[in-house]
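**Q** Protein chains in written order, with numbering that gives the first Met the number 0: chain P, 0 to 321; chain G, 0 to 288; chain Y, 0 to 386.
The hints are simulated quantities; they were obtained by calculation from the structure and are not laboratory data. These numbers come from a predicted model, not from an experiment. There's no promise every hint is true.
[Said to hold, decoys possible] Okay, the calculated bits of chain Y under chain G, using three or more residues with CB under 8 Å as the criterion: (1) 39–47; (2) 197–206; (3) 210–222; (4) 258–267.
[As the list claims (entries may be wrong)] Just some of the chain P residues that point at chain G, by a computed CB distance under 7 Å: (5) P102; (6) G108; (7) G117; (8) E128; (9) V249; (10) F284; (11) G285; (12) A286; (13) L288; (14) I293.
Idealized CB from N, CA, C, for every residue including glycine.
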Amino acid sequence: MTPPRFLNRWLLFAVAVGVIAAFMDQDYYYTLLNFIGIHTLLVVGLNLLLGYAGQISLGHAAFFGLGAYTSGILTATCGVDPWLALVAGLAVSGLAAFLIGIPALKLRGYYLGMATLGFGIIIYIILNEADGLTGGPSGLSGIPSLSLAGLAFNTPRRLYLLIWIILGIILAMSANLVNSRTGRAIRALHDGEAAAESLGVDTFRLKLKIFVWSALYASLAGSLYAHTLNFVAPSSFGFMFSIKLVTMVVLGGMASIWGSLLGAGTLTVLPELLTVFHDFEMVIFGAILMVVMIFLPRGLVRGILDLCESRRYKRQGGRISF
Amino acid sequence: MEIFAPLLQYLISGLTNGAIYALIALGFGIIYNATTIINFAQGEMVMLGALCAISIYHLAPSLPLAFAGAVVLVTCVGLIFERLALSPVKDPTPIALIIITVGGAVLIKGVAMLLWGKEAYNLPPFSGDAPIHLGPATILPQNLWVLGITAIAVAALEAFFRLTLVGKAMRACAYNTRAARLVGIAAGRMVQLSFGISAALGAGAGILIAPLTLGVYDMGTMLGLKGFSAAIIGGLGSMAGGVLGGLVLGVAEALATGFISSGYRDAVAFLLLLLVLFLRPQGLTGGRK
Amino acid sequence: MKTKAILVGVILALAGLGLICLGCGGAKKTEPYVVGGIFSISGPASYLGEPERNSMEMVAEAVNAQGGINGRPLKLVIYDDEGDVTKARLHATKLAQDKDCLAVIGPSLTHTSMATLEITQKAKLPLISCAAGIGITVPAKERVWVFKTAQTDQMAVDRIYQYLQKANLQQVAILTVSTGFGVSGKEQLLALASKYGIQVVAQEVFGEKDTDMTPQLTKLRGTPAQAVICWGTGPAPALVAKNMKQLGLTLPLIQSHGVASKKFIELAGDAGDGIILPAGKLAVWQQLPDTDPQKAVCKEYAEKYQAKFKAPESSFGGYAYDAIRMLNQALAKAGSDREKIRGELEGLKNFVGISGIFNMSPEDHNGLSPAAFVMVKIQKGGFQLID
Numbered sequence: 000m001t002p003p004r005f006l007n008r009w010l011l012f013a014v015a016v017g018v019i020a021a022f023m024d025q026d027y028y029y030t031l032l033n034f035i036g037i038h039t040l041l042v043v044g045l046n047l048l049l050g051y052a053g054q055i056s057l058g059h060a061a062f063f064g065l066g067a068y069t070s071g072i073l074t075a076t077c078g079v080d081p082w083l084a085l086v087a088g089l090a091v092s093g094l095a096a097f098l099i100g101i102p103a104l105k106l107r108g109y110y111l112g113m114a115t116l117g118f119g120i121i122i123y124i125i126l127n128e129a130d131g132l133t134g135g136p137s138g139l140s141g142i143p144s145l146s147l148a149g150l151a152f153n154t155p156r157r158l159y160l161l162i163w164i165i166l167g168i169i170l171a172m173s174a175n176l177v178n179s180r181t182g183r184a185i186r187a188l189h190d191g192e193a194a195a196e197s198l199g200v201d202t203f204r205l206k207l208k209i210f211v212w213s214a215l216y217a218s219l220a221g222s223l224y225a226h227t228l229n230f231v232a233p234s235s236f237g238f239m240f241s242i243k244l245v246t247m248v249v250l251g252g253m254a255s256i257w258g259s260l261l262g263a264g265t266l267t268v269l270p271e272l273l274t275v276f277h278d279f280e281m282v283i284f285g286a287i288l289m290v291v292m293i294f295l296p297r298g299l300v301r302g303i304l305d306l307c308e309s310r311r312y313k314r315q316g317g318r319i320s321f
Numbered sequence: 000m001e002i003f004a005p006l007l008q009y010l011i012s013g014l015t016n017g018a019i020y021a022l023i024a025l026g027f028g029i030i031y032n033a034t035t036i037i038n039f040a041q042g043e044m045v046m047l048g049a050l051c052a053i054s055i056y057h058l059a060p061s062l063p064l065a066f067a068g069a070v071v072l073v074t075c076v077g078l079i080f081e082r083l084a085l086s087p088v089k090d091p092t093p094i095a096l097i098i099i100t101v102g103g104a105v106l107i108k109g110v111a112m113l114l115w116g117k118e119a120y121n122l123p124p125f126s127g128d129a130p131i132h133l134g135p136a137t138i139l140p141q142n143l144w145v146l147g148i149t150a151i152a153v154a155a156l157e158a159f160f161r162l163t164l165v166g167k168a169m170r171a172c173a174y175n176t177r178a179a180r181l182v183g184i185a186a187g188r189m190v191q192l193s194f195g196i197s198a199a200l201g202a203g204a205g206i207l208i209a210p211l212t213l214g215v216y217d218m219g220t221m222l223g224l225k226g227f228s229a230a231i232i233g234g235l236g237s238m239a240g241g242v243l244g245g246l247v248l249g250v251a252e253a254l255a256t257g258f259i260s261s262g263y264r265d266a267v268a269f270l271l272l273l274l275v276l277f278l279r280p281q282g283l284t285g286g287r288k
Numbered sequence: 000m001k002t003k004a005i006l007v008g009v010i011l012a013l014a015g016l017g018l019i020c021l022g023c024g025g026a027k028k029t030e031p032y033v034v035g036g037i038f039s040i041s042g043p044a045s046y047l048g049e050p051e052r053n054s055m056e057m058v059a060e061a062v063n064a065q066g067g068i069n070g071r072p073l074k075l076v077i078y079d080d081e082g083d084v085t086k087a088r089l090h091a092t093k094l095a096q097d098k099d100c101l102a103v104i105g106p107s108l109t110h111t112s113m114a115t116l117e118i119t120q121k122a123k124l125p126l127i128s129c130a131a132g133i134g135i136t137v138p139a140k141e142r143v144w145v146f147k148t149a150q151t152d153q154m155a156v157d158r159i160y161q162y163l164q165k166a167n168l169q170q171v172a173i174l175t176v177s178t179g180f181g182v183s184g185k186e187q188l189l190a191l192a193s194k195y196g197i198q199v200v201a202q203e204v205f206g207e208k209d210t211d212m213t214p215q216l217t218k219l220r221g222t223p224a225q226a227v228i229c230w231g232t233g234p235a236p237a238l239v240a241k242n243m244k245q246l247g248l249t250l251p252l253i254q255s256h257g258v259a260s261k262k263f264i265e266l267a268g269d270a271g272d273g274i275i276l277p278a279g280k281l282a283v284w285q286q287l288p289d290t291d292p293q294k295a296v297c298k299e300y301a302e303k304y305q306a307k308f309k310a311p312e313s314s315f316g317g318y319a320y321d322a323i324r325m326l327n328q329a330l331a332k333a334g335s336d337r338e339k340i341r342g343e344l345e346g347l348k349n350f351v352g353i354s355g356i357f358n359m360s361p362e363d364h365n366g367l368s369p370a371a372f373v374m375v376k377i378q379k380g381g382f383q384l385i386d
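The following block holds chain P by itself, in its conformation from the complex (with noise of 0.2 Å):
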């Protein structure tokens, strides 16, 4: 990983996004990019928290909901700058993701896995039972479009360039974290606490400080849709909502920033491109989980690329080892 490579990507990356912003004009897929945008924070966000960091979360979609529904409640009924209020989203994911996670993080595994999706199902019922306050299952509408300095980000292809602005601010703020001495303690993490401890790593606080970064990403993914749609039901915060996400992760490949891009991409434009997928969508979704983390664990591209050389190397009378 040299210097000027690492440039060459985020250039590259720069580079289409203007070039679509600036060649483009059909509403319909600046939404689709945008949808993909959203996702792809909240995938970046569970990806350093479930691929790098190894610790699982079942119900990160609930983050993404206290996210969306402090934007829309500050701005459409207490008519808060809608700035104002995606910062304020921040600070109410942030925290509660601090609150849950330091009893939640002394936990493993399983246990883990069922304290967030306890946690993510009791934040989805109240956003379906406090109708006063969310306006219920039906929604709350009338969410004003963010703006800055008298621009409205109201049309598909101004949101597309302010969800993608920040999505590069935030990937390379992602990639630069994993790369930093942080970023290898995180790893160290992932392959024994017990290692890590012994290397004078505070377990307990990066896994605490990784759970609350990762809520901010899902929080700020919350109030940017938001703010796209102008409006927020609960159904998009639901239980398969985080299962969904989950396989984004699993199918970029785990402890990948830019495989987050390609999880997140291909699982929101897949369903648009297969008219067969609808009700086969649950049985394809399955299928990818299982297949992919049994045949693949380390991604689609990872896992693809591993099979490959692993063959050349059969081909060549080698030895391979993963």
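Once you have looked at the hints, place chains G and Y on chain P.
**A** Okay, now just chains G and Y, sitting in the frame of chain P:
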């Protein structure tokens, strides 16, 4: 008296649901003991049990036949699931296993939706639906069936694990797989057996509850999660814990609906789970390890 | 190596997108009238979306077989939102950017409709929703481009309370499902009670997937309720009926129009006998007097639907059936001008549909009155018209 009359009715409702949760919790526990895997697809076995029984009943209207047929079919599904999905895993970390079994659950649910459609189906109760008066409360014959068969299943399992050679071998594997292998126990066979038994338990739970709740393709997810919550609340891997956890969860839900708010009924169940996880992760009975 | 592979992937994906964009500007042939449809064809609400899509296609086929409208065929572009607001939004955007698309029918649910109308309003594209929520078309002054054909819950509540008044029952307990349908029902039940001198003495809720409502019903036993009103869809309301029988609660049970289907009667079994509910006239069209103008429309729809799809007709399909028929009438007069189509829809009077007789106005974009519902009773495995 004013409090007592509804309380008894809540208890009947809570214990019936609790017994079903207990059966599912036991299924989780048996697999966990043999493999330290949590099989998130356990709830879908409940759904499959209910829907298979309903289908068999439509072909040949005999309840014993439907019960037996469905249990056999679902046991096969459980065995196949273990063969296809779990035995090929090279690196069985908890995260990988959670994702695989959750994927399995979603897959089974999706296939069931394609096979049976999204409609709910009726299964007739085992012995009529004339309510029996019990003081100020009423109870259905089906509630008694649920409680009775659960009690019998628990007793039979206990006897199996304590008294039979195979049962003892499974327990040996649960304590120490390597040592069990050394004394000549086929650990792989025991793992398969555990998947078979827990699939059968799940199917039984589904058939028992179908006459009360109808059978529909998406009934398994929530039941599975509640069953797992029950297993954790009681103490994962402990037989008594699973039963206790199921009953506590069922009764807590019924009381919460009755005395607090019906809208937050599921929230109360999961809040209880979080409290146990945070304050006493080994569960009420201490569980295993 | 890996980095490169990812780069190649991203570039390919972008190139693919670009190609799709190019493909969109295809040439037109016979200048058909393009009408969009967004329904929950799969997913948990497919019981709504499937008959809606079928009905819409059935009408379009018949129209095209007779030479179309003004000699131009009807072209349908139908999408499935799976009950998901994100997907509904994507499809709405796709339809809104299609300059040829003249109007959109659907979505099937209140929340997907709310997400869709944000887009269609901005694009000045007429939308005829098939969902019940009153907030979709109210206030009509703001929702200029939005209409709906499904009866509003308020009308069902009106009919129920009128019935209760006649039966001299003043104290009711309500039991509602915690979905959009149930919450809207609860709001209306509470809001209209005083108007009819009715007192809601207890209110309970249950989950869509709940399997045991005896605790809620046990609570009702201690109240002075003279009747129970249950508001829900799917299997849960059938369980409420069964649980009431189990508890020996002999109060009259009134259900909502959400269960006006043969399936409900089947699920509730013996426990269903004697349940009273408001239903669209389609459920009992055979029993309507011949003087009722809706009888002929319902008969035609029911017979054609059964013949074509070998499945029982449903009032949900009727929402889309009414929508496409009123749109056809508007298209015949207005041609391919969105603004004029909107005007025609708003001026629609005495339109006889499945769900009632529509009289639209600038203040009312639903155009139905409580007369759209009749009260029916479940007897001997069928619906009996009682009022």
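**Q** Out of the numbered hints, which ones does the structure contradict?
**A** none
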